[in-house]
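Listed below, chain by chain, are the residues.
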Amino acid sequence: MASIVNSLLVVVLGLNLFALGSSRLNAVIRIVALQGALLGFLPLLIHQPIGLAAVVAAVAAIVLKGIVIPIMLTSALQRAQIKREVEPLIGLLPSMILGALVTGFAMMFAAYLPVAREHSDLLLVPASLATVLVGFILLTTRFKAISQVIGYLVLENGIFIFGMLLVDAMPLTVEMGVLLDLFVGIFVVCIIVNHINQAFASMDTRRLVELKE
Amino acid sequence: MMSLWLMFGAIALLCVSGGPALLGPRRSALGQRVATGLVVLGSALGLVGVGLALAARTPVSLAVGWFLPAGRFAVGLDPLSAVFLVPIFLVPALGSVYGLEYWPQAQHPENGRKLSFFYGLLAGAMALVVIARNGVLFLIVWEVMAMASFFAATAEDDDPAVRSAGWVYLVATHIGTLCLIAMFALWKHATGTYMFGMPSTGNWAATTQADAMPLGLAGAIFVLALIGFGCKAGLMPLHVWLPGTHANAPSHVSAVMSGVMLKMGVYGIVRMAGVLPVGPSWWGGVVLGVGAATGVLGIAMALGQGDLKRLLAYSSIENIGIILMGVGLAVLGRTYHRPEWVLLGLGGALLHVWNHGLFKSLLFLNAGSVMHAAHTRAIDRLGGLGSRMPRTAGLFLLGAVAICALPPLNGFVSEWLIYLGLLHTVAPGNSPGIPPGTAPGLPVAALGAVALAMIGALAAACFVKLLGAAFLGTPRTAAAEHAHDPRKTMLGPMIVLAAGCILLGLAPWLAAPLLERVATGWSGELVPAGTAIQALAPLTSISLAAGGLIAGTGVLLVLLYQMLKRRTVARAGTWDCGYARPTARMQYTGSSFAQFLMSLWTWALWPQIERPQVAGLFPPAPGAAEVAGKTPARIAGAGAGARFAMFLPDTILERLVLPTFRLANRLLPKLRLLQQGRIQIYVIYFLGIVLLLLLWGRIGF
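As they're listed, the protein sequences go chains A and B.
Once you know that position 29 of the first sequence is 29 in this note's numbering, the rest is easy, because the numbers rise by one and skip nothing.
Position in the second sequence (first residue = 1) + 1000 = this note's numbering.
You may find that some hints are simply not true.
What the hints assert, rightly or not - Far from chain A by the CB rule (all over 12 Å, computed), these chain B residues: (1) Leu-1406; (2) Pro-1475; (3) Gln-1595.
To be verified - One side only, chain A facing chain B, incomplete, derived with CB under 8 Å: (4) Phe-109; (5) Tyr-112; (6) Phe-136; (7) Leu-139; (8) Thr-140; (9) Gln-148; (10) Thr-205; (11) Arg-206; (12) Val-209; (13) Leu-211.
These aren't lab readings, by the way, just hints derived from the structure by calculation.
For every residue, glycine included, the Cβ atom is placed at its ideal position computed from N, Cα and C.
Please construct the entire structure, taking both the sequences and the accompanying hints into account.
What follows is the structure, encoded as structure tokens:
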């Protein structure tokens, strides 16, 4: 079972780099959707025997992150009629290299952390750290509001992986609450994206500086 | 327990006293009467409760859990609390009655209800402060007290001067509260509980954990208490809020703030000094030294004031200094195991708490009457009020005599006790457990007596200035010309306070048993139960001497009257000086009276003086042409340009505190570089913090 989980996590790490390197917003949305959906299977794989709670959490995560949120983002993108390019602060290749570096850093760092024995042969901690850091890179180097949302999604995925360490301790309601928060957050942002576009005739978050006091 | 329940009833009544009026119309006289009635009723209940508690002879306490995660609702009523409860239940009630005429809602519709409400809340919160026995509860009611007094003092918030004084107060009181929060945190760390001074056992001073705490920690708690409570009490240099707030508050609020609320700071210092383990000698030394400095500088500042209420406020600072000197002596007595220092120092300090509560409230209410009649606080715009408001003037004279510590009034007794205590430090004396007369003295502490003497002399000068300029002579303005005594509603409370001054002056032994009990409990039985102040300071002979003094004065007055009856008495204008047509402007002013003494204190006070440069024997008068009539210019000398003005800004506030705040105001905006308004940069901050935390966890720096 550990090998399946680990291969899944390696795919997730690969998707991180893909998300950093892709130049088209639609592609990034799909990559992150795939990442979210893959992660949705984690609770089923890690927890044996499979309980009702794990199934509910998995199904909700897969449906929400794999289907609902991507659809919302894509439609927001179409309505706003913005250019479909990513417009990064640093180039795509440097972003990927940076992503690879932080993944390596996460691996090294996680080796030092004290982890419970049943998790010690899994890649959960390094994968989670790497995904969180990649989320931060996406957040800081992309300017469009939609790419910010994607950055938050990746960040949340990283936290989700980390949460797998605690599934036993964390009740279903907390998981559901987190998913609901995520959903509502994205829902609101998708509406705001439209308004930002109308107000500033652009999706560039740099224009928001004008709101500064 | 009965006494505690009465106390709760009293506090509840005080806290809600302003509530009914809030529901009524803005100009309702009825609402204000209801508020005053509730305050008086609550205060009466409270006084009965205090009386019952003292009669029961054993301290009562109550501790129940409550809804907050920290602390408990713990209260206790012991002699020390009782000492402070008496003025709390006396002065606000009198002030409230006074307010019926002084601040009627009908004339102050914009703030009358607000003032009534916060006035009652202030009184209730103060009562809770002195009975609270849990740090969390204490901090909560302390904050309620601070906020209530803030809103009561800034009643006239449409005036920019009031607002600015209010802000200074708000900042100062919260700095003090911060220190108290730190103090209780350390207390909890040291003892494992927020409770303090629970009178569950006979010896409430000591808890085993408190006695076991390291002296360094205890010293830190003591210093924090001194700063935190000193902010409220008005110790130099933490007094910066006090003059402005007192001057700008309505007079009955000033009376409560000065007469009672400042004492909450004193209470805190005394309480903490009592529950902490016996400390090293620097504790008492610092308190004594700070007290002496506060007293001397406070009265020197008062001397230079031209504003009636600011002068009284600085005089409050001076009196707090005197009280602190007594407390410092008592703390030294604990360190050196000298019961008589404790008894005289603490007894004198606490008696002065009562006395100052009586005569300072009296003086502030008096100042209110003067303002009510003459519509100004500037001393040099008054004058001649003595013949126009004879009752007010008489009461003012009485208050001034009391505050100058002159016999036969109460101020004399308490300062005399402190003098005696300070003089006891000169020679070796008795201490429990060693042969009599061999306990070493501490002659350096006797320097405090010198400071006290200096304070007394300056206070006398200060109040002679005030009385002379405001009540004697001829009126300087039309408003002062037409001033008249207030009606009974305002005079009554003042007469009660004056009666208190006389009573405690003539019969100080009435208070002695209570003071002895406090000293016994506070010192952890260092002062054995049953020790009498009488043995150290003959209070009954004070009664006799005071009675003799009054009788002698009476006889002299009668003789004078008899003598004058048989002669013709000529009446002439004051400061007539033989001039044909004197004007009111030729009188001595308060500033000119104080000028010589002020010149001795310029090094500390830095007065600002505005006057034209005068050169030569016959200097040309600026603007001489404008002088009316044909008077030669060089004699008139009183042209439009020849003016003299002296201001005495608060040295600490104007030279230290405000410049610091201005500097901060200039420098801190540079931090706004951090706020760029870009989401990406904020996220980088997050990332930086996260990485820092990761590294911290890893390396452990």
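Now for the hints, and whether the structure bears them out:
For Leu-1406(B), the requirement that its beta carbon stay farther than 12 Å from each beta carbon of chain A is met, with the minimum near 60 Å. Distance to chain A confirms Pro-1475(B) as a non-interface residue, since its nearest Cβ pair spans about 55 Å, more than 12 Å. For Gln-1595(B), the non-interface assignment is confirmed: its Cβ lies about 52 Å from the closest Cβ of chain A, beyond the 12 Å cut-off. Using the Cβ-Cβ criterion of 8 Å, the hint placing Phe-109(A) at the interface with chain B is satisfied: the shortest such distance is roughly 7 Å.
About 6 Å separates the beta-carbon of Tyr-112(A) from the nearest beta-carbon of chain B, less than 8 Å, and the hint is met. The criterion of a C-beta within 8 Å of any C-beta in chain B is met by Phe-136(A), whose closest approach is roughly 5 Å, and the hint holds. For Leu-139(A), the shortest C-beta to C-beta distance to chain B is roughly 4 Å, which falls under 8 Å, so the interface hint holds. Checking Thr-140(A) against chain B: minimum C-beta separation of about 5 Å stays under 8 Å; hint holds.
Because the smallest distance between the Cβ of Gln-148(A) and any Cβ of chain B comes to about 6 Å, under 8 Å, the interface hint for this residue holds. Hint status for Thr-205(A): holds, given a least beta-carbon distance of 5 Å to chain B, under 8 Å. Taking 8 Å as the C-beta cut-off, the interface hint given for Arg-206(A) holds, the closest approach to chain B being about 7 Å. The restraint placing Val-209(A) at the interface with chain B holds, with a minimum CB-CB distance near 4 Å, inside the 8 Å limit.
A hinted interface residue such as Leu-211(A) counts as satisfied when its beta carbon comes closer than 8 Å to some beta carbon of chain B; here the least separation is about 7 Å, so the hint holds.
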